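*Asks:* Those sequence lines, one after another, are chains A and B. For the first sequence, position 55 matches number 55 in this note's numbering, and the numbering has no gaps at all. For the second sequence, position 64 matches number 64 in this note's numbering, and the numbering has no gaps at all.
One or more of the hints may lead you astray.
[Claimed, not checked] List time: in silico DSBU-like cross-link candidates among lysine-lysine, alpha-carbon distance up to 35 Å:
hint: 1; chain 1: A; residue 1: Lys165; chain 2: B; residue 2: Lys12
hint: 2; chain 1: B; residue 1: Lys95; chain 2: A; residue 2: Lys165
hint: 3; chain 1: B; residue 1: Lys12; chain 2: B; residue 2: Lys95
hint: 4; chain 1: B; residue 1: Lys92; chain 2: A; residue 2: Lys165
[Said to hold, decoys possible] Over the 10 Å line for every Cβ pair with chain B, so calculated as not near, a few chain A residues:
hint: 5; residue: Leu74
hint: 6; residue: Thr87
hint: 7; residue: Ala103
hint: 8; residue: Ile104
hint: 9; residue: Asp115
hint: 10; residue: Asn126
hint: 11; residue: Ala131
hint: 12; residue: Arg135
hint: 13; residue: Pro137
hint: 14; residue: Glu141
hint: 15; residue: Val144
hint: 16; residue: Ala145
hint: 17; residue: Thr146
hint: 18; residue: Arg147
hint: 19; residue: Gly164
hint: 20; residue: Lys174
Hints were generated in silico from the structure; no laboratory data involved. Everything numeric in this text was worked out from a predicted model, so none of it was measured. Using N, Cα and C, we set each Cβ at its ideal position, and we do this for glycine too.
One letter stands for each residue in the lines below.
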Amino acid sequence: MSAWSAAHAEHGAAVRPPRTRAEVPPSADAVASHRRRALLKRGGVLAVLVGCGLLGAREAFAAGEDRAFDATTLREVLAGLGGEPATATQIALSVDDMVENGAIVPVSVECSLPDVCDIFLIVEDNPTPLAVRFRIPEGTEPFVATRLKLAQSSRVHAVARSQGKLYAAVRETKVTVGACS
Amino acid sequence: MADPIRIRARSKGDLTEVLVLMPHPMETGLRQDHSGALVQAHYITDVRVATEGRTVLDARMSIAVSQDPLLSFRFRGGRAGDRISVTWTDNKGEKRTDETRIT
């Protein structure tokens with residue numbers, strides 16, 4: 001699945017030579033503009049496919065998600081997920097301000113954004129920050145609760161993908177005893 | 001073999017509230033045993049909850065989910081008596097599925 005989307009992305013990015021060759025070689029400008037147009041067209045097609053759900057956002061984001069799970073910094077995680085999320089008051093992230101045991105930290109997220117398809121929980125200062133990804137199918141409420149490990153005091157981020165865009169809420173949690181000792 | 005998954009699914013009007021507890025060590029691979037050797041990573045990577053052939057939640061987990069992962073969520077369209085199943089897969093390729101009925 002991810003290999004397919006990666007191949008597709010590569011195909012989309014490849015610059016093909018112009019299909020028809022005029023008898024008089026086209027000027028460098030003309031070639032460049034043709035290439036630009038071809039690129040735009042392919043990019044557009046990909047966007048439309050994703051937009052229509054024909055090429056699910058799933059396939060398109062699968063490769064990025066693998067990278068996000070392996071990432072060791074918040075910045076890399078967000079890059080894998082598709083960029084910097086906007087701060088959203090429509091995400092209610094609930095996690096205690098102070099916990100004694102970092103091994104079991106209850107976390108819950110409830111979103112009032114439309115069409116939420118993914119919810120990610122990220123513990124910024126964990127060795128691998130991305131903790132869990134929930135895929136929310138149609139018919140399931142954009143609400144999840146679980147328990148996470150915090151290696152140390154950290155900011156916890158809840159990131160939701162709604163209509164193709166990322167939104168986030170952040171809370172800081174102090175841990176008295178970390179989870180990785 | 002891991003212990004059975006505990007599933008509680010209650011229908012409340014149009015919503016079904018689901019609580020899932022999956023007994024699993026969720027070893028991070030970063031912890032040392034008494035002799036100072038690292039304990040091998042062993043954790044659930046994927047969870048799928050389905051009812052009557054329809055997926056209602058799909059999760060991908062890392063080592064940062066606590067031991068014996070607990071999930072709580074709710075979905076629309078479930079009725080009392082419908083079957084609901086939970087399947088997890090871990091990083092060693094072990095798998096477990098358990099099922100119950102919505103009450």
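*Asks:* Taking the numbered hints from earlier one at a time, note which ones the structure violates and give those numbers from smallest to largest.
*Replies:* Violated hints (numbers, rising): 7, 8, 10, 11, 12, 13, 14, 15, 16, 17, 18; every other hint is consistent with the structure.
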